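> Sequence:
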Amino acid sequence: MLPQCCAVVHHGGAGTTAAGLRFGLPTLVCPFFADQFLWGEMVRRAGVGPEPCPVGKLTSQALAAKITALCSEQVRERAEETAKAMVLENGVETGVQRFLASLPRHNM
125 MLPQCCAVVH
135 HGGAGTTAAG
145 LRFGLPTLVC
155 PFFADQFLWG
165 EMVRRAGVGP
175 EPCPVGKLTS
185 QALAAKITAL
195 CSEQVRERAE
205 ETAKAMVLEN
215 GVETGVQRFL
225 ASLPRHNM
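So the sequence shown is numbered by this note's numbering: it starts at 125 and just counts up by one.
Just so you know, these hints were derived from the structure itself, not from any lab.
All values reported here derive from a predicted model rather than from experimental measurement.
Fair warning: there could be bad hints in the mix.
Restraint-style ranges between C-beta atoms, simulated for each label pair [as the list claims (entries may be wrong)]:
| id | residue 1 | residue 2 | range |
| --- | --- | --- | --- |
| 1 | A193 | H230 | 45 to 55 Å |
| 2 | C195 | A225 | 40 to 50 Å |
| 3 | G219 | G137 | 15 to 25 Å |
| 4 | H230 | I191 | 53 to 63 Å |
Even for Gly, the Cβ is constructed at its ideal location relative to N, Cα and C.
Let the hints inform the model, and build the full structure from the sequences given.
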């Protein structure tokens with residue numbers, strides 16, 4: 125479904141955030157719990173979406189303003205750049221290598 129979208133509005137879970145950005149989609153996080161606030165702030169800092177809009181403050185007017193911000197050329201370009209960078213970083217392989225390097229192999 126994501127390749128058919130022009131942006132993503134979601135709760136801010138790590139998986140949903142990564143999936144939307146992997147497809148180069150501008151992202152609005154509407155957090156309500158735990159690390160969702162962190163991911164919303166990371167999205168804003170990266171320039172791939174506007175300031176998060178917590179669910180408790182979500183109104184039709186606030187959502188309309190945030191969607192307008194999502195549609196900006198600057199945010200769209202930054203989201204596309206982020207997607208390209210995510211492909212190049214090879215995160216799974218790097219993560220596995222770092223995990224294995226941290227194991228106390230001499231005790232195994």
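> Any hints from earlier that this structure breaks? Give me their numbers in increasing order, please.
none
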